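Asker: Chain by chain, the residues run as shown.
2 protein chains.
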Amino acid sequence: MAYVTSSLIQLANLSAVRIKARGMSIGRAVDVAQIISRKTENAGYIIGEIKIDSEVLESKDGKSRNVSTIDIEVKRK
Amino acid sequence: MAYVTSSLIQLANLSAVRIKARGMSIGRAVDVAQIISRKTENAGYIIGEIKIDSEVLESKDGKSRNVSTIDIEVKRK
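Residue numbers (the working numbering), protein chains in the order written: chain R, 848 to 924; chain S, 848 to 924.
For the record, the hints were derived by calculation from the structure and aren't laboratory data. Treat each hint with caution, since some may be false.
Claimed, not checked - Derived, one-sided and incomplete: chain S residues facing chain R with beta-carbon distance under 8 Å:
{"#": "1", "residue": "Ile-856"}
{"#": "2", "residue": "Gly-870"}
{"#": "3", "residue": "Met-871"}
{"#": "4", "residue": "Val-877"}
{"#": "5", "residue": "Asp-878"}
{"#": "6", "residue": "Arg-885"}
{"#": "7", "residue": "Thr-887"}
{"#": "8", "residue": "Asn-889"}
{"#": "9", "residue": "Gly-891"}
{"#": "10", "residue": "Ile-893"}
{"#": "11", "residue": "Ile-894"}
{"#": "12", "residue": "Gly-895"}
{"#": "13", "residue": "Ile-897"}
{"#": "14", "residue": "Val-903"}
{"#": "15", "residue": "Leu-904"}
{"#": "16", "residue": "Ser-915"}
From a predicted model like this one, the values you see are computed outputs, not experimental measurements. The C-beta atom is built at its ideal place from N, Cα and C for all residues, glycine as well.
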């Protein structure tokens, strides 16, 4: 819920926010975007562009690994 | 990798596939889509439309819960 609150505070001043996550947190980013667009249905925030990508990160054993990322835009209608 | 193989087999016959996931599996769906678009860069598959939504499911304790969903299109260029 901290991310939801934080996004809503930003949306009070901006016309759009982008929620970004990497790896295991991707599901949570989708949850946050959904909660905002569902709870603020009357306030008029909607899901905008969604992008997925991958980043190369170095793991603890020194090998490079591909990690998926997501970028969800939430904006005013 | 089973989902990657399965998607590639379908893409051999169809011009697009949709990878869908719910809840905790959302991250894996993004991984599958990324692996396909990265590995088949020369074969020309790209990420198409991405949709996120939520579904109401009944949990074990009988309460209804909102679960986030994702739907990723992978298509021929």
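Asker: So which hints don't hold here, by number, going up?
Answerer: 1, 7, 8, 9, 10, 12, 14 and 15
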